[in-house]
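**Q** If you want the building blocks of each chain, they are given just below.
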Amino acid sequence: MSRLYVARNPRVAARSLDGEMMIMSGRDSTLFTLNKTATILWQAADGATPLDQIVERKICPEFDVEPAVALQDAESLARELAHHEILQVSEEPIAQNPSPGAAR
Amino acid sequence: MPELTQACTQEIVGRLSLVIEVGGTPIRVNTTDPEFFSVVQDRYRGFLSDSERTEIDFEIELVEPGFGDPQAEVRVRQRQGQWSFERGDFRAEWEPAKRTGRIRQVAKPYSLDSVLRIVHTLVLASKSGFLLHAASAIRNGKAFLFAGVSGAGKTTISSFAPADATLLSDEISYAMRQGAGYSAFGTPFTGELDILGENVSAPIAALYLLAKGTKNRIDAISPGEAVRSLLANILFFAEDSELVHSTFDSAFDFVSRIPVSRLTFVPDARVWELIG
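Protein sequence lines, in the order shown, are assigned to chains R and A.
The C-terminal position of the first sequence is numbered 111 in my numbering, with every residue numbered one higher than the one before it.
The C-terminal position of the second sequence is numbered 363 in my numbering, with every residue numbered one higher than the one before it.
These are calculated hints, taken from the structure and not from any lab test.
For every residue, glycine included, the Cβ atom is placed at its ideal position computed from N, Cα and C.
Any given hint could turn out to be false.
From the derived model, a few chain R residues whose C-beta atoms are all more than 12 Å from chain A [stated by the list, open to error]:
1) Ser9
2) Glu27
3) Arg86
4) Pro100
Here are the in silico distance ranges between beta carbons for each label pair [to be verified]:
5) A:Arg357 - R:Pro68: 52 to 62 Å
6) A:Tyr197 - R:Val72: 34 to 44 Å
7) R:Val72 - A:Arg162: 43 to 53 Å
8) R:Asp35 - A:Ala307: 25 to 35 Å
9) A:Gly266 - R:Asp71: 21 to 31 Å
10) A:Ala319 - R:Asn42: 15 to 25 Å
11) A:Glu326 - R:Glu69: 32 to 42 Å
12) R:Ile101 - A:Glu329: 20 to 30 Å
13) R:Pro17 - A:Asp129: 40 to 50 Å
14) A:Glu180 - R:Ser97: 34 to 44 Å
15) A:Glu329 - R:Pro68: 33 to 43 Å
16) R:Ala89 - A:Glu329: 45 to 55 Å
Some chain A residues close to chain R (C-beta under 7 Å, calculated; not the full set) [said to hold, decoys possible]:
17) Asn286
18) Ala307
19) Pro310
20) Ser316
21) Leu318
22) Phe323
23) Phe324
24) Val331
25) Phe335
Build out the structure end to end from the sequences listed, making use of the hints.
**A** Next up, the structure:
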């Protein structure tokens, strides 16, 4: 099974406020508020770290969940965020410029 | 004010011209149609300016109704430094580098009003400001904004404003960063009351999110809810990533500087006992 890589879409605006990650689509200005899992995924999505490593290192320690189940859920979530053009998903590492929202 | 009107308008070989200044941004509009000129002059009374240097110089060409799809949604796009706006009743271009633009529209002031609203959202985005679906008023030297969608109570609260309050708008409020805070400016963009705001400004003391209820009360809300509600009420038309970023940042900045709370109110004048 091939690995997935995820990267933040640099066209979105993103900020964290009191633990809430808010993201606004650069395409149609739709506002999204991410839940805790999606926030972890967003913050770790550097384009270079495979999704299974993100799940193992960042998500599993936060939740009482089997790694295989967590990876399956994370893949679904990543594809949903990609559908909204919040994340980019690829089977290859994704070269990425620094996102305006990534550092906030 | 005939003297002011005369000072603010010019006629140059059949070309009629006036400057409409909202929030300190003077925009000149030119037309060759005396009847339309007269309507515009009356529509924006109180916001006419004698500024020589204008932010934009728009040439208006009036066209017959039906030149575009009447059901078309507004579209605002930027390509190669030129903005284009279009809806069923107007098409406009604006080239910021040249400070010039062109509007083709039906002979209705509402079409020009829509173009001006769009232009101000774009101008404000670069000045850490925004237009907001909100009524606003000045009381005791401070501005108060009352935000909400249609039916939330903007018109109601405006109609009950006491005599010592100066109405800035009953529908679309103009907020811009100034110094360490934000200021609200009067606008000619009216709602159901169809009363122009006063062309004055004041530092914003509070933003209230309107809700109708059985008693008057002010409740604190979380910063996250404040940002979400603010963003939901900001006028935003452009399909442009850079503007999305600047408007998004302005909303967070605003919430970090201005108290935002929920104002639940009974629709009568007593709500103003809580304001100011």
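**Q** Each hint needs a verdict: does it hold in this structure or not?
**A** So, going through the hints one by one against the coordinates:
no.: 1; hint: Ser9; in the structure: 30 Å, holds
no.: 2; hint: Glu27; in the structure: 4 Å, violated
no.: 3; hint: Arg86; in the structure: 22 Å, holds
no.: 4; hint: Pro100; in the structure: 24 Å, holds
no.: 5; hint: A:Arg357 - R:Pro68: 52 to 62 Å; in the structure: 54 Å, holds
no.: 6; hint: A:Tyr197 - R:Val72: 34 to 44 Å; in the structure: 56 Å, violated
no.: 7; hint: R:Val72 - A:Arg162: 43 to 53 Å; in the structure: 45 Å, holds
no.: 8; hint: R:Asp35 - A:Ala307: 25 to 35 Å; in the structure: 31 Å, holds
no.: 9; hint: A:Gly266 - R:Asp71: 21 to 31 Å; in the structure: 50 Å, violated
no.: 10; hint: A:Ala319 - R:Asn42: 15 to 25 Å; in the structure: 19 Å, holds
no.: 11; hint: A:Glu326 - R:Glu69: 32 to 42 Å; in the structure: 36 Å, holds
no.: 12; hint: R:Ile101 - A:Glu329: 20 to 30 Å; in the structure: 22 Å, holds
no.: 13; hint: R:Pro17 - A:Asp129: 40 to 50 Å; in the structure: 47 Å, holds
no.: 14; hint: A:Glu180 - R:Ser97: 34 to 44 Å; in the structure: 38 Å, holds
no.: 15; hint: A:Glu329 - R:Pro68: 33 to 43 Å; in the structure: 37 Å, holds
no.: 16; hint: R:Ala89 - A:Glu329: 45 to 55 Å; in the structure: 22 Å, violated
no.: 17; hint: Asn286; in the structure: 30 Å, violated
no.: 18; hint: Ala307; in the structure: 13 Å, violated
no.: 19; hint: Pro310; in the structure: 5 Å, holds
no.: 20; hint: Ser316; in the structure: 10 Å, violated
no.: 21; hint: Leu318; in the structure: 5 Å, holds
no.: 22; hint: Phe323; in the structure: 5 Å, holds
no.: 23; hint: Phe324; in the structure: 9 Å, violated
no.: 24; hint: Val331; in the structure: 5 Å, holds
no.: 25; hint: Phe335; in the structure: 4 Å, holds
Checked against the numbered hints above, the structure violates hints 2, 6, 9, 16, 17, 18, 20 and 23; every other hint is satisfied.
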